[in-house]
Amino acid sequence: MATVSLESRPYEKVSDHDSSHESVNYLNHDHSILSWLLTLDHKRIGLLYLVTITLMFLLGGALAGAVRLELLTPKGDLLAADTYNKAFTAHGIIMLFFFLIPSIPAVMGNFVLPLMIGAKDVAFPRLNLLSYYLYFAGSVIALTALLLGGVDTGWTFYTPFSSTYSNSYVVVMAVGLFVVGFSSILTGLNFVVTVHRMRCPGLTWFRLPLFIWAIYATSVVQLLGTPVIAVTLGLLGVERTLGVGIFDPRLGGDPILFQHLFWFYSHPAVYIMILPSLGLISEVISTFSKKTVFGYHIIAFSSIAIAVFGFIVWAHHMFTTGISPYAAMVFSLLTFSVAIPSGIKVFSWLATMYGGSISFDTPMIYAFGFLGLFTIGGLTGLFLSTLGTDIHLHDTYFIVAHFHYIMVGGAIMGYMAGVHFWWPKITGRLYSEFWGKLSAGITFIGFNFTFFPQFILGYLGMPRRYYEYPDEFQVLNVFSTAGASILAIGYLMPMFYMPLSFFFGEKANSNPYGATTLDWTDTTSPPSPHNFEKTPVVTEEPYNFHGKEAAVVSH
Amino acid sequence: MFEEFKWFPDQASTVAPEVDMLTLFIVVVTVLITIMVGVLTVGFAVAFRRKSESYVPAPWFGCVPLEIFWTLIPVLICLVMFSWGVKVYSSIVVPPADALDIYAVGRQWMWKIQHPEGQREINALHVPIGRPVKVTLTSEDVIHCFSIPAFRVKQDVVPGRYTSMWFQATKAGTYNLFCSEYCGTEHSRMIGKVIVMEEADYQKWLSEGAESGQALQGRKLYTKLQCVTCHTGNAEAKAPNLEGIYRKHIPVSLIDGMKVKDGTKVFADDAYIRESILYPNAKVAAGWESIMPTYQGLVTEEELLQVIAYIKSLNQGQTPPRTEETPTPATIQNNPTKEVK
Numbered sequence: 016m017a018t019v020s021l022e023s024r025p026y027e028k029v030s031d032h033d034s035s036h037e038s039v040n041y042l043n044h045d046h047s048i049l050s051w052l053l054t055l056d057h058k059r060i061g062l063l064y065l066v067t068i069t070l071m072f073l074l075g076g077a078l079a080g081a082v083r084l085e086l087l088t089p090k091g092d093l094l095a096a097d098t099y100n101k102a103f104t105a106h107g108i109i110m111l112f113f114f115l116i117p118s119i120p121a122v123m124g125n126f127v128l129p130l131m132i133g134a135k136d137v138a139f140p141r142l143n144l145l146s147y148y149l150y151f152a153g154s155v156i157a158l159t160a161l162l163l164g165g166v167d168t169g170w171t172f173y174t175p176f177s178s179t180y181s182n183s184y185v186v187v188m189a190v191g192l193f194v195v196g197f198s199s200i201l202t203g204l205n206f207v208v209t210v211h212r213m214r215c216p217g218l219t220w221f222r223l224p225l226f227i228w229a230i231y232a233t234s235v236v237q238l239l240g241t242p243v244i245a246v247t248l249g250l251l252g253v254e255r256t257l258g259v260g261i262f263d264p265r266l267g268g269d270p271i272l273f274q275h276l277f278w279f280y281s282h283p284a285v286y287i288m289i290l291p292s293l294g295l296i297s298e299v300i301s302t303f304s305k306k307t308v309f310g311y312h313i314i315a316f317s318s319i320a321i322a323v324f325g326f327i328v329w330a331h332h333m334f335t336t337g338i339s340p341y342a343a344m345v346f347s348l349l350t351f352s353v354a355i356p357s358g359i360k361v362f363s364w365l366a367t368m369y370g371g372s373i374s375f376d377t378p379m380i381y382a383f384g385f386l387g388l389f390t391i392g393g394l395t396g397l398f399l400s401t402l403g404t405d406i407h408l409h410d411t412y413f414i415v416a417h418f419h420y421i422m423v424g425g426a427i428m429g430y431m432a433g434v435h436f437w438w439p440k441i442t443g444r445l446y447s448e449f450w451g452k453l454s455a456g457i458t459f460i461g462f463n464f465t466f467f468p469q470f471i472l473g474y475l476g477m478p479r480r481y482y483e484y485p486d487e488f489q490v491l492n493v494f495s496t497a498g499a500s501i502l503a504i505g506y507l508m509p510m511f512y513m514p515l516s517f518f519f520g521e522k523a524n525s526n527p528y529g530a531t532t533l534d535w536t537d538t539t540s541p542p543s544p545h546n547f548e549k550t551p552v553v554t555e556e557p558y559n560f561h562g563k564e565a566a567v568v569s570h
Numbered sequence: 011m012f013e014e015f016k017w018f019p020d021q022a023s024t025v026a027p028e029v030d031m032l033t034l035f036i037v038v039v040t041v042l043i044t045i046m047v048g049v050l051t052v053g054f055a056v057a058f059r060r061k062s063e064s065y066v067p068a069p070w071f072g073c074v075p076l077e078i079f080w081t082l083i084p085v086l087i088c089l090v091m092f093s094w095g096v097k098v099y100s101s102i103v104v105p106p107a108d109a110l111d112i113y114a115v116g117r118q119w120m121w122k123i124q125h126p127e128g129q130r131e132i133n134a135l136h137v138p139i140g141r142p143v144k145v146t147l148t149s150e151d152v153i154h155c156f157s158i159p160a161f162r163v164k165q166d167v168v169p170g171r172y173t174s175m176w177f178q179a180t181k182a183g184t185y186n187l188f189c190s191e192y193c194g195t196e197h198s199r200m201i202g203k204v205i206v207m208e209e210a211d212y213q214k215w216l217s218e219g220a221e222s223g224q225a226l227q228g229r230k231l232y233t234k235l236q237c238v239t240c241h242t243g244n245a246e247a248k249a250p251n252l253e254g255i256y257r258k259h260i261p262v263s264l265i266d267g268m269k270v271k272d273g274t275k276v277f278a279d280d281a282y283i284r285e286s287i288l289y290p291n292a293k294v295a296a297g298w299e300s301i302m303p304t305y306q307g308l309v310t311e312e313e314l315l316q317v318i319a320y321i322k323s324l325n326q327g328q329t330p331p332r333t334e335e336t337p338t339p340a341t342i343q344n345n346p347t348k349e350v351k
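The listed protein sequences derive, respectively, from chains G and V. Heads up, the first sequence is in my numbering, so the first residue is 16 and it goes up one at a time. Heads up, the second sequence is in my numbering, so the first residue is 11 and it goes up one at a time.
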């Protein structure tokens, strides 16, 4: 957004292309290892997360590879049954709790949130570092559980299997998730306070970039939802170690109670993963179309609406458990309510592109991919909110395909768009557009190749979490595994060209895309340790591409 | 691998065509929307591609009629899907009153099935064509899920309680029976077959090799487990008469040890009988002391189903006579019975 400084200063001062070269920035002001490990700078903490979650993503991806390879043939031949069960469990736990949940909030949120609102840092920088170390400690505990022998309960930990029957390291894993949960809670708390208290002068709520609205809604969900899973895992640990009857009917407990508690967090957790992507895509589409976001207020409120509705739809994971048919009907209807704000967002993005001046930079290609995959993922959700069809599709590969379209197609495409979008800001360098676009294209094709056949597999009735399967399902599984190898290439490419660009990439100016938000208009690339030379003052609504400053800047 | 491949699952129950019609409707709607979004995205990307670096398009902040349009249309579509979904769901969850009763117990990692006529089978379920079948389900250990894709139905099988599902097969053949709730190491081998037979074949199958009826097996347990000692059905009774109680509303005095107000009744269904055997103090029949010992750990889920089948079949004056080889349960011998009404 266009801004005026407290004192008038020449425009060139922030945007001249060699500003990042000589000047002190957050990357070069101190090179010691300790200055990274004990940093209180939100930008450096964001990078710590970036590195750690990328390692977790590689691990989770390797496990997915093992699962897909096993499913190439109907017979269980590559892995032992227990190993397979532990592999998909570890894949789910790592990807959800250690990659997707911290992905956009902890990496992009940490790096960008203070920059976007004109703040020097988040509200509680020390708490922010503590959040990172809680995440790190949780990861170490979880990896310890895997090294000890793994967990075979599925990431859902359904009782009484997890509480009584499983002979794996459930309690160790639960402790790891309990700890990492607090990282999420504290990050949420930090961001909520930051958005309330740290906005720069003139930056009213309705001048906030939509990414901030999305991160804000996400943070509220993290803050309110995560304690529930922490308590639930605590109860699971108590039952498993002390034999207190909570969930196991043999001890007088109720196994369905666990599912209610688990999904009360884990459904909103899906929105922790996808909401930040939705906000981020608004930024990308607007910037690369050079147009203000169509229906700004509606999009902002739809983020809040999705966050609120997310808390009242959990029992749609439980339609086949034998819950009351009337409860099922209510939850089915409520579930449809999530579809409406999601649809509004998609249509508003299309309207944003309409009449724009659209360029095809890598983040925009990822955003196009996001649009396609999120649309399919969202629409296939309609089959599952509809009671009559959910009964047949529940716990089949249709579910697997659906949530991968949302959480991989949606959330990770959005995350990749974000990493590419802010990479020049983060590093002060430009990555190779050729390799960037190629990886976005390969990811999109590989993704559809992997997961689209699973919709059909699900309708044919193939259950989830099967290590062996009847022969008639093989053709589609072969397609899916073949697609997964393409997808893997799409994901691995950025692991090479991005780090390379960090050292050899062309230098980026402060605002290579002509974006309008403060992170681009008022900071250098990379930003100085304290972000802004002068506290920015905002005087108008976001996404004004006609503003004096924004209009001048281009590639 | 291509020979066995099919694009569409077998459609072998009365609800399957209903589910498929609804699915087809949602497929058409969602494919149209996907195509629309895809065409618009690609179309806009091409039509409005950046032609000049300096050109800044005029902003478009919103358009209320358009926004109302794309809010209301999806709301309408969703309401249609919801209502149609509820209609199909009602067909799936409400069994007809005359359904044939079959019982299934899941355990790691097999299905054990009992027919009222006494046939028992493992990982196979024989059913007649054209007759509604209601399956009452429970589990001995963890949660399983009884899933028959060709019938488009599934139901979780939860330990500690009864759940049920029903279907009416329309096509003879053999279909997959999957466990579709993850249950441990051999989850993917907890697969059975549903064999749909013509009525005559089914009757023939029922008569082959059945030891005795399920209720008869239950009757043996009724004396073996010493139920008959107290539930004598005559003046010596120390416990309520069980004749004809099935699916009746019976008065209770205590629920979980708490006195309830006079006239409180509970519905004596399978779940109530099961609970009364395993947790006798949960709901105590009015007019009787709570002296019954628990049978937890003394009776398996399968045996419970047989006892319930027997109690179901028990009519006026049919309680078997007490025999001396079935001594009174120890806990009751220690209780003076004089206070008992």
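Some hints here could point you the wrong way.
Anything over 12 angstroms on all C-beta distances counts as not near chain V; from chain G, calculated [to be verified]:
1) L204
2) L386
3) T390
Here are the computed lysine to aspartate or glutamate pairs in the EDC-like style, where the Cα-Cα straight-line distance is at most 16 angstroms [unchecked claim]:
4) K549(G) <-> D97(G)
5) K203(V) <-> D136(G)
6) K97(V) <-> E28(V)
7) K203(V) <-> E556(G)
8) K90(G) <-> E196(V)
9) K97(V) <-> D30(V)
10) K293(V) <-> D272(V)
11) K122(V) <-> D111(V)
12) K16(V) <-> E487(G)
13) K16(V) <-> D486(G)
14) K230(V) <-> D111(V)
15) K293(V) <-> D279(V)
16) K144(V) <-> E127(V)
17) K90(G) <-> E521(G)
18) K258(V) <-> D279(V)
The calculated label-pair distances, taken between Cβ atoms and stated as ranges, are [stated by the list, open to error]:
19) L507(G) <-> L76(V): 36 to 44 angstroms
20) L239(G) <-> N291(V): 38 to 46 angstroms
21) L76(V) <-> V155(G): 46 to 54 angstroms
22) F221(G) <-> L82(V): 51 to 59 angstroms
23) K135(G) <-> D266(V): 55 to 63 angstroms
24) G183(V) <-> G164(G): 41 to 49 angstroms
25) F151(G) <-> N291(V): 46 to 54 angstroms
26) A281(V) <-> A77(G): 42 to 50 angstroms
27) L507(G) <-> A109(V): 53 to 61 angstroms
Quick caveat, the hints were computed from the structure, so don't treat them as lab data. The beta carbon of each residue, even a glycine, is placed where N, CA and C say it ideally should be.
Hints, verified against the model:
1. L204: holds (33 angstroms)
2. L386: Answer for L386(G): violated, closest chain V Cβ roughly 6 angstroms.
3. T390: violated (5 angstroms)
4. K549(G) <-> D97(G): violated (59 angstroms)
5. K203(V) <-> D136(G): This hinted pair is violated, its Cα atoms lying about 62 angstroms apart.
6. K97(V) <-> E28(V): holds (9 angstroms)
7. K203(V) <-> E556(G): violated (64 angstroms)
8. K90(G) <-> E196(V): Given that 16 angstroms is the threshold and the Cα spacing comes to 13 angstroms, the pair holds.
9. K97(V) <-> D30(V): Holds: K97(V) and D30(V) sit about 13 angstroms apart, inside 16 angstroms.
10. K293(V) <-> D272(V): Holds. K293(V) to D272(V) sits at ~13 angstroms (cutoff 16 angstroms).
11. K122(V) <-> D111(V): holds (15 angstroms)
12. K16(V) <-> E487(G): Holds, at about 7 angstroms.
13. K16(V) <-> D486(G): Holds: K16(V) and D486(G) sit about 11 angstroms apart, inside 16 angstroms.
14. K230(V) <-> D111(V): Since the Cα atoms of K230(V) and D111(V) sit roughly 20 angstroms apart, the hinted pair is violated (cutoff 16 angstroms).
15. K293(V) <-> D279(V): Roughly 13 angstroms between the alpha carbons, so the hint for K293(V) and D279(V) holds.
16. K144(V) <-> E127(V): The given pair, whose Cα atoms are some 15 angstroms apart, holds under the 16 angstroms limit.
17. K90(G) <-> E521(G): violated (51 angstroms)
18. K258(V) <-> D279(V): holds (8 angstroms)
19. L507(G) <-> L76(V): 36 to 44 angstroms: holds (42 angstroms)
20. L239(G) <-> N291(V): 38 to 46 angstroms: For N291(V) against L239(G), whose Cβ atoms are near 39 angstroms apart, the range 38 to 46 angstroms holds.
21. L76(V) <-> V155(G): 46 to 54 angstroms: holds (51 angstroms)
22. F221(G) <-> L82(V): 51 to 59 angstroms: Violated, since F221(G) and L82(V) (Cβ atoms, about 25 angstroms apart) do not stay within the stated range.
23. K135(G) <-> D266(V): 55 to 63 angstroms: holds (59 angstroms)
24. G183(V) <-> G164(G): 41 to 49 angstroms: holds (43 angstroms)
25. F151(G) <-> N291(V): 46 to 54 angstroms: holds (50 angstroms)
26. A281(V) <-> A77(G): 42 to 50 angstroms: This hint holds: roughly 46 angstroms between Cβ atoms.
27. L507(G) <-> A109(V): 53 to 61 angstroms: Since the Cβ atoms of L507(G) and A109(V) sit about 55 angstroms apart, the hinted range of 53 to 61 angstroms holds.
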